[in-house]
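Could you build the full structure based on these sequences and the hints that come with them?
For the record, the sequence lines run as chains A and B. The first sequence begins at 1 in the numbering used here and counts up one residue at a time. The second sequence begins at 288 in the numbering used here and counts up one residue at a time.
Quick caveat, the hints were computed from the structure, so don't treat them as lab data. Among the hints, a few may not be true.
[Stated by the list, open to error] Under the rule of at most 25 angstroms between Cα atoms (straight-line distance), these lysine-lysine pairs were calculated in the PhoX-like manner:
1. B:K375 with A:K46
2. B:K495 with B:K348
3. A:K202 with A:K280
4. A:K27 with A:K276
5. A:K202 with A:K189
6. A:K132 with A:K202
7. A:K227 with A:K269
8. A:K46 with A:K75
9. B:K459 with A:K43
10. A:K27 with A:K227
11. B:K469 with A:K43
12. B:K375 with A:K81
13. B:K494 with B:K348
14. A:K269 with A:K27
15. A:K81 with A:K189
16. A:K75 with B:K459
17. A:K132 with B:K375
18. B:K455 with B:K375
19. B:K375 with A:K43
20. B:K459 with B:K469
21. B:K348 with B:K469
[To be verified] Covered stretches of chain A (chain B as the covering partner; in silico rule of three or more C-beta atoms under 8 angstroms from a C-beta of chain B):
22. 22-34
23. 96-107
Beta carbons are placed, not taken as given, at the ideal position from N, Cα and C, and that holds for glycine.
Chain by chain, the residues run as shown.
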Amino acid sequence: MQYNLSDLSGIGLRAPHVRELLTSEVKVGFLEAHSENYFGGGKPRKLLSRIAETYPLSLHSVGLSLGRADGLDQKHISQIKSLVDEINPIFVSEHLSWSAYNHIHVPDLLPIPFINEAMDIFVDHVSEFQDKIGQQILIENPSNYLAFDNLDYSEPEFLNELAERSGCGLLLDINNIRVSAHNLNYDPKAYIDSIRIDGRVKEFHLAGYQINKLDNGEEIYLDTHGKPVYPEVWDLYEYALNRFSDVKTLIEWDVDIPELAVLVAEANKANIIINKQVKKESNACTS
Amino acid sequence: MPALRDIQSAFIHDAYTGEQTSIGYLNDYKLNSSERLDIYYNNTVLGLTDVLATTYPVLQKIVGENFFRTLARFYIETFSQVTGDRHKYGEELASFLSTYEPAVSWPYLPDVAAIEWAYFQATIADDVAALDFNGLTDLISEYPNFIVSLHPGVHYFELNFNALEIWKEHQKNRIEIIELQKTQQTVLIWRDQSDDIYLQNISKPLKKLLMRCQEGISFGQAMFQSSDGLENLTSFQQEFAQVVSSGVFIYADGDK
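So, in structure tokens, the structure goes:
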């Protein structure tokens with residue numbers, strides 16, 4: 001089966017869809033697996049290998065904790081490297097966050113205070129990770145619910161400098177930009193405008209969020225990946241496509257996972273927007 | 288700005304306890320940081336509860352979802368996640384249950400939890416080539432002092448109740464009532480070379496053989512110590528042949 005990756009968007013690989021993906025020819029550009037779900041061996045790992053024989057695959061990690069102040073977990077890195085060697089992924093990505101300190105981990109992406117010390121640690125850890133797995137990684141902006149005081153960088157400034165100093169690429173999660181912009185009161189388009197156009201943005205993520213009310217009546221957006229992509233996020237995606245070219249798009253859906261066809265339909269919506277953008281660009285070139 | 292280590296130490300403490308020791312580091316001018324910090328605490332509790340629910344489905348079926356969620360919350364307060372691999376979280380639940388006061392009316396729960404932990408770990412254990420019967424026979428004939436070890440997917444342990452029977456019953460759609468029996472059993476759980484998981488009670492001599500192999504003595508010595516003086520040698524040989532053909536042993540080391 002041959003796919004033209006540049007034409008089609010991808011979807012997150014989720015356990016309920018594996019059988020259908022292996023038994024029918026699903027038209028998606030690529031699949032993205034959470035690395036930690038495939039540590040070790042047995043059936044899950046063998047199924048992932050079979051998936052990788054059929055579809056282009058990227059590896060997305062959630063537990064390495066690149067921003068931790070006390071050094072990376074070498075066993076975790078070697079487990080990802082083992083997957084990278086076996087799967088030969090199109091991308092390897094992690095988050096601009098941390099989730100562990102002093103042998104205590106959380107199953108969450110915790111916010112980074114954008115200070116010089118955090119920058120130095122992040123640059124060192126991203127460089128170390130890239131060296132050990134032997135390929136460039138992409139760093140994704142997380143969803144934020146709060147902000148630290150006395151910072152040296154904004155988040156886009158931090159991402160730009162991190163990419164410059166470590167040589168990593170960027171994964172812009174458009175849903176996370178929308179969620180963080182609402183929660184922290186900034187303009188999501190200004191955020192996108194602040195990310196440099198230098199070919200480092202390689203992948204977009206799209207997903208659905210949940211709106212909750214705090215006790216004080218304030219609305220907060222939670223990055224739950226349990227709903228279709230919101231219209232505001234599609235608009236922002238179109239805006240980002242205007243700024244960055246040659247970027248792959250992925251639909252994420254992690255809770256209340258629907259049938260595979262629903263994810264593919266969401267990916268097809270992204271394909272339509274990409275095609276519209278391609279036509280607009282080619283018209284601009286010929287006029 | 289304080290050192291990153293101080294911020295992370297405070298923040299991760301808050302993520303587990305729901306306390307707010309990190310609030311002084313946050314921008315509280317326009318944002319209500321207190322309620323927002325709670326989001327991270329809730330994510331920790333919900334995330335780890337989901338991990339436990341994935342590993343312990345029978346336990347949750349027996350006690351019900353509400354009881355399970357309360358149990359999980361107390362467990363999470365006591366045991367934090369120690370690696371970024373979530374599949375390794377929850378190992379101490381069996382021992383935790385044995386001292387968890389609200390579960391005293393289910394004395395067999397620690398046994399069920401031990402089975403579920405071993406079952407889950409067997410499914411994701413590293414892939415290692417196991418010795419088949421012919422391979423073992425060849426080694427025995429040629430190299431008397433070789434050492435075998437157990438496949439990473441192999442687990443064996445003592446049960447105090449007929450919990451294996453209870454666990455197996457809960458794999459069915461319609462569960463029959465089972466009479467609880469206090470009985471000392473050794474259960475062996477392993478993954479074969481086709482990645483299927485097996486669970487069965489084993490004899491004391493076979494348990495002794497597995498222990499001796501794990502201690503690193505030669506296979507010949509381990510066999511001798513486990514089978515010497517056995518009244519029913521044939522039964523032991525049959526049980527041994529079955530576990531060998533199921534891929535329980537791997538070649539370890541030694542004087543081949």
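Taking the hints in turn, this is what the structure says about them:
Our distance criterion of 25 angstroms between C-alpha atoms is met by K375 (chain B) and K46 (chain A), whose separation comes to about 20 angstroms. For the hint linking K495 (chain B) to K348 (chain B), the alpha-carbon distance of about 34 angstroms lies beyond 25 angstroms, and the restraint is violated. As the CA atoms of K202 (chain A) and K280 (chain A) are separated by approximately 21 angstroms, the hinted pair is consistent with the 25 angstroms bound. Annotation: proposed proximity of K27 (chain A) to K276 (chain A) holds, straight-line Cα distance about 19 angstroms (limit 25 angstroms).
For the proposed pair K202 (chain A) and K189 (chain A), the alpha carbon gap of about 18 angstroms is at most 25 angstroms, so the pair holds. Between K132 (chain A) and K202 (chain A) the alpha-carbon distance is near 21 angstroms, which keeps this suggested pair within the 25 angstroms criterion. Only pairs whose Cα atoms come within 25 angstroms are accepted, and K227 (chain A) paired with K269 (chain A) is accepted, the gap being roughly 15 angstroms. Taking the CA atoms of K46 (chain A) and K75 (chain A), the gap is near 21 angstroms; set against the 25 angstroms cutoff, the hint holds.
The suggested pairing of K459 (chain B) with K43 (chain A) holds, with an alpha-carbon distance near 22 angstroms, which does not exceed 25 angstroms. This hinted pair checks out: K27 (chain A) and K227 (chain A) have alpha carbons roughly 21 angstroms apart, not beyond 25 angstroms. Taking the CA atoms of K469 (chain B) and K43 (chain A), the gap is about 35 angstroms. The hint is violated against a cut of 25 angstroms. A hinted pair counts as satisfied when its Cα atoms are at most 25 angstroms apart, and K375 (chain B) with K81 (chain A) qualifies at roughly 19 angstroms.
Between K494 (chain B) and K348 (chain B), the direct Cα distance comes to roughly 30 angstroms. Violation of the 25 angstroms bound is thereby established for this hinted pair. For the hint pairing K269 (chain A) with K27 (chain A), the CA-to-CA distance comes to about 13 angstroms; that is within 25 angstroms, so the pair holds. For the hint linking K81 (chain A) to K189 (chain A), the alpha-carbon distance of about 36 angstroms lies beyond 25 angstroms, and the restraint is violated. Between the alpha carbons of K75 (chain A) and K459 (chain B) the distance comes to roughly 38 angstroms, so the proposed pair goes past 25 angstroms and is violated.
Between K132 (chain A) and K375 (chain B) the CA atoms are separated by roughly 23 angstroms; this keeps the pair inside 25 angstroms, and the hint holds. With a C-alpha separation of about 23 angstroms, the suggested pair K455 (chain B) and K375 (chain B) falls inside the 25 angstroms cut-off, and the hint holds. With a CA separation close to 17 angstroms, the supplied pair K375 (chain B) and K43 (chain A) stays within the 25 angstroms bound. The suggested pairing of K459 (chain B) with K469 (chain B) holds, with an alpha-carbon distance near 23 angstroms, which does not exceed 25 angstroms.
For the given pair, K348 (chain B) sits about 21 angstroms from K469 (chain B) by alpha-carbon distance, which is consistent with the 25 angstroms threshold. Taking a C-beta to C-beta cut-off of 8 angstroms, the segment 22-34 of chain A contributes 0 residues in contact with chain B, too few for the three needed, and the coverage statement is violated. Only residues whose C-beta sits within less than 8 angstroms of a C-beta in chain B count toward coverage, and the segment 96-107 of chain A has 10 of them, enough to reach three; the restraint holds.
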